[in-house]
Every structure is written in structure tokens, then in C-alpha cells.
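Chain order of the listed sequences is Z and S. 1 is the number of the first residue of the first sequence in this note's numbering; add one for each residue after it. 380 is the number of the first residue of the second sequence in this note's numbering; add one for each residue after it.
Simulated from the structure, these hints should not be mistaken for lab results. For every residue, glycine included, the Cβ atom is placed at its ideal position computed from N, Cα and C. The reader is advised that the hints may include incorrect statements.
[What the hints assert, rightly or not] Stretch by stretch, here's where chain Z covers chain S in the computed footprint (C-beta under 8 angstroms, at least three residues):
1) 425-437
2) 446-457
3) 493-499
[Said to hold, decoys possible] Simulated restraints, written as ranges between beta carbons of each label pair:
4) Z:F159 <-> S:K497: 29 to 35 angstroms
5) Z:G157 <-> S:Y483: 30 to 36 angstroms
6) S:T410 <-> Z:T169: 42 to 48 angstroms
7) Z:H216 <-> S:P434: 26 to 32 angstroms
8) Z:K288 <-> S:P434: 27 to 33 angstroms
9) Z:Q268 <-> S:T410: 44 to 50 angstroms
10) S:Y483 <-> Z:F192: 45 to 51 angstroms
11) Z:G30 <-> S:N505: 35 to 41 angstroms
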Amino acid sequence: MKYSLAACIGAAALTIGLPSQAQEKIEWSGFGNIAAGMTTGSDDQLFGYDNDLDFNPETLFALQAKASLSDKLTVTTQLMSRGSDDFDLGVEWAYLQYQLTDSTSVNMGKLRLPLYIYSDSLDVGYSYHWLRTPQSVYRVAFDNYTGVSVQHNAFVGDFIFNTQVIAGTVKDDVEAGGSELSQAELNNLIGFNASAIYNNLTMRIAYYQTNDTNIHLQEIDTLLTSLEQIGAGDVASELEASEDKGSFAGIGFMYDNFNWFVGAEYTQLEVENSYIPKQRSSYITAGKRFENWSLHATLGQTDDEIVDAEQRFTVPAPQLQGIVNQVLGGVVNEATYSSVGVNFNVAPGAVFKFDVTHSDDKRTDASDVLVSAAVQFVF
Amino acid sequence: MKKLVVFLILVTASVLSAPAFAQNGVVVSQTEIDEASVPRIYLGQSRVLNGVNLPEDSAVRKAFEEKLLGQSGEQLKRHWAKLKFTGRATPLNELNGDDAVLEYVLNNPQGIGYISDKSKVTDKLNIIATF
């Protein structure tokens, strides 16, 4: 909160401090998402919702200010207030953009980490057909990074190629494992994504890596100390996510002929020598548009695996072994999701969405159903 | 009551006359470019020329978007929301009618726009596409 407040003041100062001529050219726009949901079973929990009707988990409001400093240089800040953060105001994006050529631009500042097809517009529910992006795939705990991004557009025959190369660092409090917030720090993060657009078809690949991933889990601090005390320091270091190499790869496509659409994404994430399992995630989605409404369905799956578990995590003390297994069991996610949704265009720039999502956890055999509705808009 | 009747007649007339625009629409610019560039400019993929739009509720814009861009207004609104809030493109300026568009493209060699009436096009402008 302290950070976000400082950042807000910084962003506001940045905007107000501009020459008056630039202030006149400030373009204001915004978007929002008013969502409510509840699970059908009294013990069910899904995506931050439980059996009581709740508006907080996914409701958000955002305001964007963009000022032109010259023909080629612009500054943009996006302030957001999320129900899940008690509506505290935070800076979601804040960047300078320099238009190098007609086809190349450079962004510097706080930006969105473009892991997935819809990462960029993750919060702009209005820009995609789902009420929320499929949580089987869109599950990396941090969304933003600080650094630089270079974007390039090329036209080859009937193809459009969009390429984006990024470099920077991630520093964020994330929910990992248990309920307590953990500090995530990723340094030397580099990578790219490339999309090929051919008429109604978009195909995309993405790859990112870092040699310095740190996701500190407070809950296992005592465990790590105990392991070191009994001489199982190698297990402790395998468990800890500290200065480890991480990589992320994704592939996806979306076909949309405005009558109907189909799309899918598959991603794989790995943090070597850490408690974080190898995560394989996928979804497939399809839908049909009618005059003023549309119908769609999505199937998703997560398939995590602790690689070489026996070799890496065997502890000579049975009691500690139990705790280690419990920690590892807690981070592995093997679930399937299925959802159906219906959308109604209620006004230009506003859509009402209704969604029912069913999840099945293969490890715990728990099955949850979430019913949610949202109005998503842009202005 | 009379006012209401007049209003209704005007609304009906404007709705009925809307399709009449469709046959006569043209995309114009001082610069000669190929027709394939038009959708790229209006979908925010290319900055080779500066495109201007007519208001969202205009029938000409609707015809232009459906015929040359192959998309509905709602689709385009979603598309541009994505571009706008992710820093990928700046929304195109909106002008209020044919005359404003003609004035803009006549004064801006790097400008491109579309109008409802082909007969308003002078020698100084190229017709890039018709719709």
C-alpha cells in the first residue's frame, strides 16, 4: 500500500507537472468490471468466492490518462481500484512510450508481463468473451514487471506479424502455497512473444526466462532450518525458490470470424531446484455470436508435476518427510475446469456476462461450482 | 404532439435512408496507397497514414466497418479497447461528417478518411476504396 500510494503520487505528479500545452492533450479513458458471484455448495470455494454472495473478488475500476509530450513521446498511467484490495488505489501501468518508427515503439516503466494471449488486457473484461480469463492457464501470481518492451509490427503478404521483446524485473507480493502473502522477486527477466495474424486467425508463441527467481514462502522457513539441522541441507536448497532458473513457454491461437470463434492456449512453467512444480496448463474455448448476445464454453486443465520427487526430496527423518510431502502436495495443482457463459450487449461499450464454472480437483476429489455475473464496460 | 410526430418522421426517415449511403461510400486520401492498407490503419496495426473516423452512430461508419473491415461496431469497440488500454495504438480521431473529413484530408497529406458521397471528391484526392 505504501508503494502504491507513493506510485500514485508519482504518477499524478508526472501528469500535473507536464507543460500546460501537454496537459491540454491529456486523453482520459477508463474501464470497469462489476462482478458478483457465489458457489453453490456450502463448503465450495473457487477463485476467491465462497457460498456467500460477494462483489469484491473481481470488481475493479480503472482510469487511464495519456499525455502526448511530442509527436513521438507519450506518457500513460493507469490507476486501478480493486475490490480484492479493499478498493485501494494502485498504479497498474505507468510508462513512457517512444514511437521509434511507423512500425516500432519502445515502452519503459511499469508494464504488463505478456505471458498469455490476453495478458495485456487482463483487467479489461470488455475486451474478451469470458467473464474472467480461464484460471487453468491464467494463474501466474504476478501480472506486472518493471522494465522495457519493444514492439514491432510487420506486414508480409496477407500476414501481420506482431513481435514484442521485453526485459526487466518483477517484484510483487503474491499468494503462493498457503494464505500468507509471499515476496516474489524475478531478476534478469527476458523474453519475447510473437503473433501472426492471418485474416481471422491469430497464432501466438511466447517464451520468457530468468536466472534469478525468488519466491519466498514464510510457511516453510522453520522447515528449512530443521532440514539443515539434521544435515539435509541439499533437500532444503531443492525446496527453496531462491536464485533459481525459471522459464515460461506458451503457445496459443484464436480464430474469430465474428459469427463464431474458437481458441486454445497451452503453457508450461518451470522453476528449477525449487518447491514450485512443473506446471502444464491448457484450455480450449469456443462460442457463437447472435444479434446482440453470444454463447460460449471453455474447458481447462492444470497438470502439475514435481519432477524427480523421490531423488530430490527424500529426507532421513520420517517426521520431517511428512511435512515436506505436505508442502509439496499443497503446491501441486491437478484440476479440470469447465464453464459456460452467455453475454448480452447492453449498451455500446457495456456487456452483461453470466457464467457458470465447475471445477474438479483430482487430488482432493473436491468439486466446486461457481455462478457469477458481471457488467463490464469501457469509456 | 406535433413535435413528436415530426421527430418520429425524422427518425424513421433517417433510419430508412441509412442504407442509401452504403452504395456511394469512398475512402479518400491525398496519398496513393493500396486498398489492403485501409483495414490495417483502421484496425490500429499500421501508422502509414492517419485515419479519421465518423461518429460511432453514423450509418456510413457502420457500412465502412462492415464492408471494408469485415467487423461489426461492437467487435471494433472491443478491439480498440484492447489496443487503447495496452498502449498498442491510439484511438483514431472522430470528425462529425463528410465535410469535416474532406477538409481534414485536404489539409493533411498523411491523412485518410471515408465519406458517404463519392460526388464530393475533388481532383486533389485519390479514391483508395469504395464501399
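Evaluated hints:
no., hint, verdict
1, 425-437, "holds (count 4)"
2, 446-457, "holds (count 8)"
3, 493-499, "violated (count 0)"
4, Z:F159 <-> S:K497: 29 to 35 angstroms, "holds (32 angstroms)"
5, Z:G157 <-> S:Y483: 30 to 36 angstroms, "holds (31 angstroms)"
6, S:T410 <-> Z:T169: 42 to 48 angstroms, "holds (43 angstroms)"
7, Z:H216 <-> S:P434: 26 to 32 angstroms, "violated (53 angstroms)"
8, Z:K288 <-> S:P434: 27 to 33 angstroms, "holds (30 angstroms)"
9, Z:Q268 <-> S:T410: 44 to 50 angstroms, "holds (46 angstroms)"
10, S:Y483 <-> Z:F192: 45 to 51 angstroms, "violated (38 angstroms)"
11, Z:G30 <-> S:N505: 35 to 41 angstroms, "holds (38 angstroms)"
The structure shown violates the earlier hints numbered 3, 7 and 10.
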